[in-house]
Structure formats: structure tokens, C-alpha cells
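In order, the protein sequence lines correspond to chains B and G. Residue numbers for the first sequence follow the working numbering, beginning at 102 and rising by one. Residue numbers for the second sequence follow the working numbering, beginning at 102 and rising by one.
In short, the hints are calculated from the structure, not lab data. If a hint is listed, it holds; no wrong ones were tucked in.
No copy labels: a pair is met if it fits in one copy or bridges any two.
Straight-line distance between alpha carbons at most 25 Å, and here's what the computed DMTMM-like set of lysine to aspartate or glutamate pairs gives: (1) 202 - 157; (2) 324 - 480; (3) 324 - 487; (4) 324 - 481; (5) 324 - 478; (6) 324 - 280; (7) 324 - 341; (8) 202 - 261; (9) 202 - 161.
Protein chains: 2
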Amino acid sequence: MTSPVLPSHGRARPLGLAQVSLTGGFWGSRQTVNATATLAHCESWMERLGWLANFDRVADGATGPDRPGWSFSDSEVYKLLEALAWESARTGDPAAEAAIKRLTARVARAQDPDGYLNTCYGHPGRPPRYSDLESGHELYNTGHLLQAAVARLRTHGEDDLVRVARRAADHVCRTFGPEGRAAICGHPEIEVGLAEFGRALGEPRYIDQARLFLDRRGHGTLKDIPLGRAYFQDDIPIREADVWRGHAVRALYLAAAAVDVAVEHRDDELLRAVERQWERSVARRTYLTGGMGSRHQDEGFGEDWELPPDRAYCETCAGVASIMVSWRLHLATGDVRYTDLIERTLYNVIATSPSADGRAFFYANPLHQRAAGRPADPDEVSPRAEAGARAAWFDVSCCPTNVARTLAGLHAYLATTDDDGLQLHQYAPCEIRAELPGGRPVAVDVETAYPESGTVRVRIAAGSPEPWTLSLRVPAWAAGATLTEGGRTRPVEPGLARVRRAFRAGDEIVLDLPMAPRFTWPDPRIDAVRGCVAVERGPEVLCVESHDLPAAGALDFLVVDAGTAPRDVPGGAVVRGRTPARPDRPWPYPAGPAGDGDGGWFDVPLRPYHAWARRGPASMRIFLPVS
Amino acid sequence: MTSPVLPSHGRARPLGLAQVSLTGGFWGSRQTVNATATLAHCESWMERLGWLANFDRVADGATGPDRPGWSFSDSEVYKLLEALAWESARTGDPAAEAAIKRLTARVARAQDPDGYLNTCYGHPGRPPRYSDLESGHELYNTGHLLQAAVARLRTHGEDDLVRVARRAADHVCRTFGPEGRAAICGHPEIEVGLAEFGRALGEPRYIDQARLFLDRRGHGTLKDIPLGRAYFQDDIPIREADVWRGHAVRALYLAAAAVDVAVEHRDDELLRAVERQWERSVARRTYLTGGMGSRHQDEGFGEDWELPPDRAYCETCAGVASIMVSWRLHLATGDVRYTDLIERTLYNVIATSPSADGRAFFYANPLHQRAAGRPADPDEVSPRAEAGARAAWFDVSCCPTNVARTLAGLHAYLATTDDDGLQLHQYAPCEIRAELPGGRPVAVDVETAYPESGTVRVRIAAGSPEPWTLSLRVPAWAAGATLTEGGRTRPVEPGLARVRRAFRAGDEIVLDLPMAPRFTWPDPRIDAVRGCVAVERGPEVLCVESHDLPAAGALDFLVVDAGTAPRDVPGGAVVRGRTPARPDRPWPYPAGPAGDGDGGWFDVPLRPYHAWARRGPASMRIFLPVS
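Given only the sequences and the hints, what does the whole structure look like? Please build it.
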């Protein structure tokens, strides 16, 4: 079956990618843009910058001290290959297939006879293999190669890419196995790559190697660095940690691997450790958008409650990685809190990153932009953390290919099955054609304009004499949702709303989620947004942009009336606000509180955060001071 | 005359260090600890880490690829030499004099025949001279050598250190002069060093070279870096900039040099540019403590209003540098807003850094510590930005020697003269024995327990038949101050309170500053502390520490009653507060505001921020949420 994650067991089973297809809507259109623009965009930038030619240079024995790109640039090629594999299977697009062959050939030529494959280390003029495990990213690169090979294996079968990956994985097992060097990579990723590659090939030894890497971590196996070993999660063994810390993408890739290993080894202690870390991190270290990573300095989690909106890092890749963790936890436990967080992260991190044309991206996703950014030059490489404008490519360019592989396989996350039926988690126009154990057909078509509308219409496409259960996720925010079936409408609570019967073709079940915009209040311990409210509408976090305010700089002074509920308007919401003039002082810490000043009330429009800065550079805020 | 800064003209003249001495009190005791503990502490760490031996290795031709310390470790030796020079002159301590000779001898041996002096570059096994101007710090090191030589020249006269510095300065002028390489150093400091060295030697060509460096800056003279050229102020010419940006210490050392050059070249446009930058940076980018630098990532200023208390960097060295700028601006303009800021920075940044024993230091000075730090091992080098505990030494250890040189020469900042009299700026027990033009003696003794008490008693120590004006700075916060002379008490406004007459020996003038603790409210645009108040008492910012709260974690929940004025208590203040229990939620963004919860009112003690963490690791906050 074709899916990015296929555990051998669990409370929920993923659908195969051939069993579900997006038929338009919010995500279908993004998947199309990804296919028609982003994939070629990524390949062309990597060609232009020499990241692809790095493979040729290794093959041609032409390496030397100068090498374009960071030590992890190989991984971008592999992430693009993974995206192309999903895309080729989704549409059969010959261009995607040709790109896979083209890239695979160049990658394959660079592999050493013993399976080692890396363009930065281990060749003439370059530092030796595994000479800088703290920051060299060699095993990280290999992990992404394995994930690409998994995609190819499951959608196409064994080919050159899979064979290259197998040799690379075997090399890793020989070098770092139980008899080998007791080391780990500074950036987790090999673990999640090995675990899934082991699943895909039915080779437990790869999963065992992933476990070995996991167990070595947290014991000071890596050298200490100024940021401390928490940066790469080598400070505390993963079973003992209570919360995610350090570099967010590292922490989350590691957690994803831990779930895989826990499931395959039926290691409930390890699974429970990750669940515990998820719980505290979501309760205290996660932004309203689902974004993770509070600090620019180390691209990392901060302390509990350290969630500044302006300096939020919320790296797009951390959003991808958070979805990877939550999806695995959901498959293991069936708990919808995980698919709730996936929805939040999809709409407010993943959807925020790419531009409408799929050729520019946010790397960081702050919740407050004080000074409008400058438009990025579409022909230039940007520093990674400039958040004022989406950029065509970055010096560290992990996010575009991560978005690409996520969107190409996005339909994987819509639904699950279990022995008794189908669970719909994310609402999008789609067709699902699956089977339950025993051959019971489960075929449904979903029609919805979600999240513009809260009405989700599920039509049974093929009847079955055997009863089964259709479950619909009611998000935690959706108090007041209703379900209509057979002419009867009933209230449904957040969680899973279930309908069990022998469905007939044409049966319709309609979920209505309340889409009135609503105020959201941060926990008082989140100091950085004290005295503020946010506005959400369905799964979308809304924001105010300077474009929609009467004067430049007005966003600095905006206060809103939290006593008047936000009003629903097409494309967003409206709240009552004022922009009282406040004096400029030579010293900004006066002896008395600022009054509310003058300035009349007016309607302040809010729009989805994911669309911010699409109309050009703007200042922006999600959390609005309460008058 | 002996003083760190001696402009050729200006509205105010510094006193010579021989004309003023601290006789105890808050700063006198710190100066003594600095002399008896910190200076030897710094030398011993630099010996232990090999930073001193780096000079020997150059002299012995024993350099190689391995070299302990960062490229700027030489500068720590020079800053220590500067401190020792002030200290030797202050007390005549033979130990200080011996240390100067000892260190000078080792430094001098490492100088190349052409004057080049650097232990990191330009010798066998090391990168070539000036091969990395962006981050190599070579000219930065030389700048500190020149400042040390200025101290030695003014307190002692020409000696080996001065001769070494002269050769180094001449080398710099030859290499980077009008006919030389049109380059600058990534870290400003050479400019301020050259300017004062030129003043001290009466050699305008050094000042001209400083000007040349200043004028080259801001035109993309340095290579671009991921943080952008604003990091080292090479983004905008200094005359055109409106605000400080980028790395705070860099920005401030550069501004200090710009004032020096502006004064010596009578360049009012340049002086006004720095004043304008000071104004906006103080109004929008400065912490209540006077601390500057909002970001860890680049140790830099953030955007306007970006002043997070928890991630405040407020590097101790930026406090030193801010005082350098404000002092120069004050000497040029006579404006007391500059000495107001110096007072704030002295009490809340400089005094915060060293431990009571002078053997441990804060590098960063945040205004909010969420998790209590761990005590630093007095025998270990700490990462620089760990702020939970003062550390004996740092990997990047610029702050201890910067504190040392500032405290050793602190009496320089107490007072100024002009043609008409004496201006007292900082209140401390001291003796001043100066002369006005025409030989009029100005001799006063100051007695005060400031800042514990607000009473400052100025006694005339020598009468004069000629009238002169005694001016006392009334800080901007001191509404309600009074001045008593000849039995008459009158209110005085913030600014300078003046008494003009022919003083007789024994005359007493008493300034009474109101020391009742007071609430301070941040500008509403400082988003990170919305809904909070701070408490100040005189020049001291106060804070709440977890030591003084009934339960661990209570600081997370503390709210205070801003309707009840803070009460004065010995050693600080008390406010009325509560710690309402708040529920832990799985998702910290609920649909309604947090209530005030239960929990009775109690007295919350506050203490001076500069003393925080002296009783052991603690959580701490300055800005307190209002109930």
C-alpha cells in the first residue's frame, strides 16, 4: 500500500494514497500548484546553485575545497525526490517520472562502492567521512534518502533509487551498528528514515538500527556546544524527557522516529514518553497557529510559556515535523487530539508558507510583524529567517522541499480506517475508495467548501449489506456542531461523531461545523500576549494586516472591543476597534498608565493568517490588545 | 589630566581622576571589590586559559593551528591593562603597577617589527593578517590596546605600553590610511581608540584615521553576512542613520567614536546624527534598566518596541558602551538627559553584573527569568548567555574586563565642570578637589547613603571669594525633590538645580530626592509587557524573586494591585499581590478570558534588580501583571 507511514499495527490504519484523492478545494488547489509550479521551481534552484552538480562532482572525482551549499543540501534533492514520487503516483504525470529518473541517475553515480553517499564529506578535498557528527548532517541526509526511497518503493517498486538507498542503509548499519561506532548524528532524521525503510522492505534490522540510534541519544554522545546538548536532544534520554526542547525540527523528527520504533517494538514505555512530551509541549510551548519554535537563536523551543508572537520562529519545517509526530501518534492511539493539532498546523503553518503561485515561501512564521518586510527578489537567495516576505529560495532552504513533499502526499492525512469503519479527519472535497477487513467496501465522496463553509457533505458511493461505522472528527473548537443523517439533525460533541449502519449508495451524512468567528484568550502565563485576544474562524487563525487599516502605523495603536463578538464576513471577520493616538515620549516608561485616548470605533477587518503578506509587504498581528 | 575621555572642547569638562575620589558607599565598595578581587581574577583566568600565553607563543615563534580563545581574546588583556592603569593611579597599589609591567612585557614581545600586534592572525600556522575583516576582530583588538595606552599615558606617562600602542596605531594608519586599503573592521572599537589616543598624544592624524574608518562604514565595505550588514553597522552611513541597529556593542562603540570625531572636527552634522540616534533608540529600543539589546541571536537591537523582558539580552558590555556614548554626548552638549541614562545604566546594568565577591558576572541581563538557573561552577567556563547565574568566566568573556575597567575609573563619571562651576551628576560619598578657569578652587565633600537614602549633603571644603555655581542633577524621575541651602528649602525641578554664590568653607547644600517606591507603566507599544507595571525606587529598578514568594512557581501566577501604591521598606518595597490558581489546560488558548481566580492578597516584597540571584538561583520578574 502507498502511504508515507505504514505501521505494522495501531488503533488507526492510514489509507493508501491510491485510495483517496483530493478533488479540489483549499488543499486540492494547493496540491495542483505544488505539482505544476513548486516541484520544477525547487529543481531549477538546486541546479542553478550547484547543489545537484555536487553529485556530478563526486562521480567525476572533481570534488575540492569549494563546494556550493551547506552540508545538508543533498537532503533537499532527496526531499524533492520524495515529493516527485508521491506526485508521479498521484497523477501519473510523465514529467514527474522523468524528473525522478533524471535526479536518481545523478544521485546514484555519486554513491561510493561501499554504499556511502554524500557530496560534502569523504571525497578528495573534502573533510573525512563522519568527522563532524555534531553538525555535518551526513546521517541526516541519508535519512531523507531513505524516506524518498520509501515513497518510490511504495508507489512504483524497486528501482535504482531504492537500490541506492538500500546500499546506503546497509553502509549505515555496518558503520554504526551494534559492533560499529557508538555514535549518532547531530540532526535526527536517519532514525525515522530507517524505521520506515525497514517497514517498507520488511527488514527489521533497519528498525533495530533506528532504535540503537534512539537509545544512544541523551547520554552526551555528541560533543557539547555553546548552545548546550539540548540543542540536538543529546541532553536527556528520550524515555526520560518530559517536554520538547532545543532545535524544534530536530526534536520533532526524533519524536516521530521514537513513535515508529515504539510501535514496531511494542514498546509502550517509549510511546507513552512521546505522548507525555507532546502533551506538555502542546500545552505550554506551542503557538495558536500550531507553530513550534519560539527562538531564532537556536531555531528552538523556549521555556514553558515563552511564546513571543513577534520573534516566533515557527519554522515551516517544524510544522511539517509536528504533523509527522501527531500523525504517527494518532495511528498508534486513535486519539483525535492529534488530528486536531494536524488540522491547526496545516491551515496556519503549512498553508502560510507558500505563495499563491508556489514559487516563494515563508521559512519562519511569526504571529506579529512590526515593520512591513521588503518584497523578496524572486531571483535572489534570501537569508532564512526574514519573515516579512515570502522568498524564492533560501541560503538554508529546507522549507520549500519539505512543503513540496507534504503537499504532494497530503491526501494521506485525510482519513483512517479501523476494523469497523472509516474515520474522516480533515475535511476537503475528496473521493475515498477503500475496503475494510473482510472485503467490505468503503466508498465515500466528500463535498465541502471548508473552511469557507462549515458544511461537510459525505455521500456514500457504494452500498454494502454489512454495517460499518462512519466517524467524523468534530474539532475541539467546534462547540455546537450538528450531524444530519436520514433527515434527522442532532448535536455532536468534539471528538468523533459516529454513524453506524449498512449504508446504501447515495446516503448522505452532513456535518455542520459552526464557523462564526470567535475570540480566543491566551493563558495568562503566556506573558508576551497578555491583555490580547485572537480571532479564529473554524480552523483558521485570523490576523489584522496594515493593508486593512486606515493609516500607516495604525497597527501599533490598535485596540479592540472584546465585549462585542467578531462578525462573520466573506473571507474573514470584523471586530470593533480603535486606534487611540498615544504620545511619543523621550522615555517610554511613564509614571502613569496610558489612557485610552481619542479615536472613534471602526470596523477592523481580519483575514486568514495563512494569506498574510499576499497583497504585498505589511505589518500584521494575530493577538490584538483589548481596549 | 587623567580621565578616560578628554575632548578638546565641549559644554562640560570632565574632572581628572586625581581630582575626585569615592569615599565609600554603593560605588566605593564596588570599586574596592573590583580592585581587590576582580582584577586578579581576570588575570588568573586569562593565564589559565592560555590567552596570555598566546602572546608568548607569537614572541617565541611557536604559533600554530591550535590557539586557545576567540580572535578577540587579546582585547581582554588590553581591557585588563586599562583597568589596572586606572587602578594603579587611584590607589598607588604596587600590585597593580607590577601587573601592568608584567602584562606589558608579554604583550610587547609579541609585536612585529612593523607594529602589527595580534596573536590570532599573521604568524606561522595562523591565517594571514586582515584576511577576515568581517569577523577577525584585529582592529578591534588594537582599539582596546589604544584605550589601555591612553589610560597609562594619562596616569603615568609614556612607557612600554604606550610605545607599543604608538607603533600599532602607526601600523594601522599606514595599512588603512588614505593611501592604504579602504577597509574597516567588523567590530568597531579602533575608531574610539584612535580618537582618544590622538587626543592623549596631541596627534590629529590618529583622529583623522578614526574619521576615515567612520566615513567608510555604511557603504557595504564589509562582505554581506546572513544576519545582514546592519549587524556591523555597514548598512547605512552613520550620518544618515536614525536609530541604532544590529549588534548593540558594535553600534554603541561606533557611536562613541562618532561623538569624539564630531567634537574634534567640529562636525555638528555628525554630532546631531548621534544625538538623533540616541533619542530614538532610548525612546523605543531601550529597557527600563537602561539595558540595550533585545535579541540573543545577534546580540542586537530589535525593531522599535521589541523589548521582551525574558529574552532581553542587555549585554553587560552594551551597558558599558551605552555609558561611553552618553558620557561623550553629555560632555559635548551639557544635556543632563545623558547623565540621567548613565545613572539608570550604572545601577541596573553595571551593578547587576558582578557578584558581591567580584569573581562572577552576568553577561546577559534579562528582566524576567522564568526558570531558576543552576549555580555556575566557579571553576568552569560558561556559555556566554546563560543568565540564571553569574559565572566566573565565559567562553566569550568580554564582560568581566569591561566591568573591571569601568569600575576602576568610575569616579570619572561623577561630576563635570564648566567655566562657571561644578556639576554633580552621580551621587556617591566622594571628595572633589578641582579648579575653575582663573584658578578658583572648587572643593566639595559629598556625604550620602544614596540610593538607600535620597539625601545628598554637599559640603564646601574650601571657600572662595569669587562666586561660582554648584549644580546638582535632579533625575527625571525625581518629581518633588527639594534643595536646602542656608536654612531655606525650595522645590527643584528635574534638570540641574543651581546654587550660585561665593561659597565659604563649611557651607552645606542638601539635595533631597524623593525615594518612595513608585509604579512605572510601559508604553502600550511595548507589547511584551502589556498589562504590567514595574516598581522603581530612586535610580533602582526593583524586581520580585521567587525567594520571596510563598510557593515555588508562584511567580507564574502573581498579579499585583496597581491601585495601592508600593510601600517603602528597608532594602526595597512591598506591593499588594495575589497568586490566583489558574487551571492547566491541554491547549492554552481557551475561548474565554482567565478569571482572577482565588487566592488572598498578601505583601509581595521587591528588591533591587541589581541584587537578583545573589541569594541563589531564582525565578525573577521586573514587570508585574496588574490584577
